[in-house]
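There are 2 protein chains.
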Amino acid sequence: MDKYNLLDCTLRDGGYINQWDFKDQAIVDMIRNLIEAGLDFIEVGYLNNQGKLGNSTQFTSIEKIQEYLPQDRKDSVLLAMADVQQFTAADLTEYTGNSIDGIRVVFYKYQIEEAMELAKAVKEKGYKLFMQPMVTIDYSIDEYAELVHKIAELNPYAVSIVDSFGYMLKEDFRKYFKILDNLLEKDAVVGFHSHNNMNLAFITAQDILEYNTSRRIVIDSSLYGMGRGAGNMNTELIANYYNMTLGHKYNIKIILDMISKYIMPIYQQRAWGYSPYLFITALYHCHPNYASYLLEEYNVSVSDFERFIHTIPTEMKTKCRKPYVLEMWERFAAR
Amino acid sequence: MDKYNLLDCTLRDGGYINQWDFKDQAIVDMIRNLIEAGLDFIEVGYLNNQGKLGNSTQFTSIEKIQEYLPQDRKDSVLLAMADVQQFTAADLTEYTGNSIDGIRVVFYKYQIEEAMELAKAVKEKGYKLFMQPMVTIDYSIDEYAELVHKIAELNPYAVSIVDSFGYMLKEDFRKYFKILDNLLEKDAVVGFHSHNNMNLAFITAQDILEYNTSRRIVIDSSLYGMGRGAGNMNTELIANYYNMTLGHKYNIKIILDMISKYIMPIYQQRAWGYSPYLFITALYHCHPNYASYLLEEYNVSVSDFERFIHTIPTEMKTKCRKPYVLEMWERFAAR
Chain A
1 MDKYNLLDCT LRDGGYINQW DFKDQAIVDM IRNLIEAGLD FIEVGYLNNQ
51 GKLGNSTQFT SIEKIQEYLP QDRKDSVLLA MADVQQFTAA DLTEYTGNSI
101 DGIRVVFYKY QIEEAMELAK AVKEKGYKLF MQPMVTIDYS IDEYAELVHK
151 IAELNPYAVS IVDSFGYMLK EDFRKYFKIL DNLLEKDAVV GFHSHNNMNL
201 AFITAQDILE YNTSRRIVID SSLYGMGRGA GNMNTELIAN YYNMTLGHKY
251 NIKIILDMIS KYIMPIYQQR AWGYSPYLFI TALYHCHPNY ASYLLEEYNV
301 SVSDFERFIH TIPTEMKTKC RKPYVLEMWE RFAAR
Chain B
1 MDKYNLLDCT LRDGGYINQW DFKDQAIVDM IRNLIEAGLD FIEVGYLNNQ
51 GKLGNSTQFT SIEKIQEYLP QDRKDSVLLA MADVQQFTAA DLTEYTGNSI
101 DGIRVVFYKY QIEEAMELAK AVKEKGYKLF MQPMVTIDYS IDEYAELVHK
151 IAELNPYAVS IVDSFGYMLK EDFRKYFKIL DNLLEKDAVV GFHSHNNMNL
201 AFITAQDILE YNTSRRIVID SSLYGMGRGA GNMNTELIAN YYNMTLGHKY
251 NIKIILDMIS KYIMPIYQQR AWGYSPYLFI TALYHCHPNY ASYLLEEYNV
301 SVSDFERFIH TIPTEMKTKC RKPYVLEMWE RFAAR
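Residue numbers (the working numbering), protein chains in the order written: chain A, 1 to 335; chain B, 1 to 335.
None of these hints come from the bench; they were simulated from the model.
Check the hints yourself; a few may be wrong.
Listed below are the simulated DSS-like cross-link pairs for lysine-lysine, each with C-alpha atoms no more than 25 Å apart in a straight line [to be verified]:
| no. | chain 1 | residue 1 | chain 2 | residue 2 |
| --- | --- | --- | --- | --- |
| 1 | A | Lys170 | B | Lys3 |
| 2 | A | Lys249 | B | Lys170 |
| 3 | B | Lys317 | A | Lys317 |
| 4 | A | Lys109 | A | Lys74 |
| 5 | A | Lys253 | B | Lys3 |
| 6 | B | Lys317 | B | Lys109 |
| 7 | B | Lys249 | A | Lys170 |
| 8 | A | Lys3 | B | Lys170 |
| 9 | B | Lys109 | A | Lys170 |
| 10 | B | Lys170 | B | Lys322 |
| 11 | B | Lys175 | A | Lys175 |
| 12 | B | Lys170 | A | Lys253 |
| 13 | B | Lys317 | A | Lys170 |
| 14 | B | Lys175 | A | Lys170 |
Please work from the sequences and hints to get the whole structure.
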């Protein structure tokens, strides 16, 4: 395994765009092609007790995922994500080597306890354990150190710094990285998951590729940046940047062919990407769905949206449900 | 003047999107608001002998521009661009202090001689001289040093490094910067003009803000990145990045209000921004119009476009006229 690695999360994080409705054939092809293109890690979807039984990357079980995986994975490590609210420890089956290799446990700050329980089960069942504490910047340095201490006891395979709302500066990433670097075992990987609301993802990614560290690093990305709001780091961009600066490793042609065949048809139905509305959500440290939900229902100017966002109470900035957003807007518009 | 400065070029480089058809009132408002927002330099349009007499930022004369400018410019320096093929030295009138303060002379490698002549006239008439050699990366280090020697003799106010096709790495910028830093007078400004075809513009911009140099720097950007292909560096992003990292200087609210009022209506008519097609043009060092012209006429998949771009002869990569592109495509499609 190289020092710097890429993790494609199209089938998982990109799934927010198409409700994870990827066709069975597309799932099989994309996993095979991502392996072929040289992606180091591939996140194939969610584990979800309420998932679907076909044509979806919301998988109901680890055994179900196995049906989509090729025999030969080359050097790629295959992963699924488990949200503490969607998948229970009791449903984890033993690692066999025939399905996924690892599980990414994702959780909010108020879910640490449940996350630790699920994480423990992931380790016990023999999987590589990835810990994904969302909105990392919401943890003070002390809180984060405390969290990492707890996580370190489980001897995780990787821990990610997660910029859920897309306003973390590279200096912020460095700060959290330092804590991870100090507290984790030497062989633990540090991951980076970012969003593009301020177009900062690529800046951070290239900064990470220049860290003066011997620790192994993994950067999340998705094809054409497919993902909520302004989207994720683009796999084609970071893979090509890697090739240009560190030596040829990833097959860009295969990546472009996947975008052509599987991603462009989705993009043409429902585009993602940077917009001034998403910039404003990041500027005021709000969930990007404040923009997405509102613009699904109303035609709101950038200026009005900027004035609206000011009215969101601090404690509601990270909690964003559609009825609340629309209610807030109606109250704002009536003023 | 601060060490780091921003230059908004929406009315000039953004004009490629709407054929420079900005309404008179929009031009007046935008210049006033860009001054109000604290932009250090504002490029208000082109000087063009064949320009229009109203509702356009293709101005026929320096006196014509004066009609759009406010009395109070605060600390902003106002500029127009002159393309050696569109504006002749003979039409330059004396600097009065009532119209623009400086002129950006833009030219291709094969136009150096004409550019030097126009540049000399710009200086003689009393304007700040900005030199903009396009596709800077097309100059070898030796060729570039020779060019800069020539330019230095004119004692220019600023010289820009121009990434016309959007594939220059920050390391490339550093290389050309070093030559400028060595050969220009201490008080000459170095400028950076970039495009987003590989989303590298922002990476370079933040790198520049960390250069270990006492030289003054100016970074070009446009509102919402308005510009050809994947567009320019976004003014709102770089201005906010400056505020976050170097201290508050630019008024983001005014910038967003301009985007809301003047830029969004244009964007809704004809969107710009990153796409895999533009990434491919940059990957193969081609003019982004190979994608734009082709997609105006044909529905071409990303994969087919990637195979097509391979067939462009090296000497034609930077020369891109629409009939040629369509002819090349028809030949490719018939194979």
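Hint by hint, here is what the structure shows:
| no. | hint | in the structure |
| --- | --- | --- |
| 1 | A/Lys170 with B/Lys3 | 22 Å, holds |
| 2 | A/Lys249 with B/Lys170 | 20 Å, holds |
| 3 | B/Lys317 with A/Lys317 | 48 Å, violated |
| 4 | A/Lys109 with A/Lys74 | 36 Å, violated |
| 5 | A/Lys253 with B/Lys3 | 42 Å, violated |
| 6 | B/Lys317 with B/Lys109 | 14 Å, holds |
| 7 | B/Lys249 with A/Lys170 | 20 Å, holds |
| 8 | A/Lys3 with B/Lys170 | 22 Å, holds |
| 9 | B/Lys109 with A/Lys170 | 37 Å, violated |
| 10 | B/Lys170 with B/Lys322 | 31 Å, violated |
| 11 | B/Lys175 with A/Lys175 | 30 Å, violated |
| 12 | B/Lys170 with A/Lys253 | 24 Å, holds |
| 13 | B/Lys317 with A/Lys170 | 35 Å, violated |
| 14 | B/Lys175 with A/Lys170 | 24 Å, holds |
In this structure, the hints that do not hold are numbers 3, 4, 5, 9, 10, 11, 13, in rising order.
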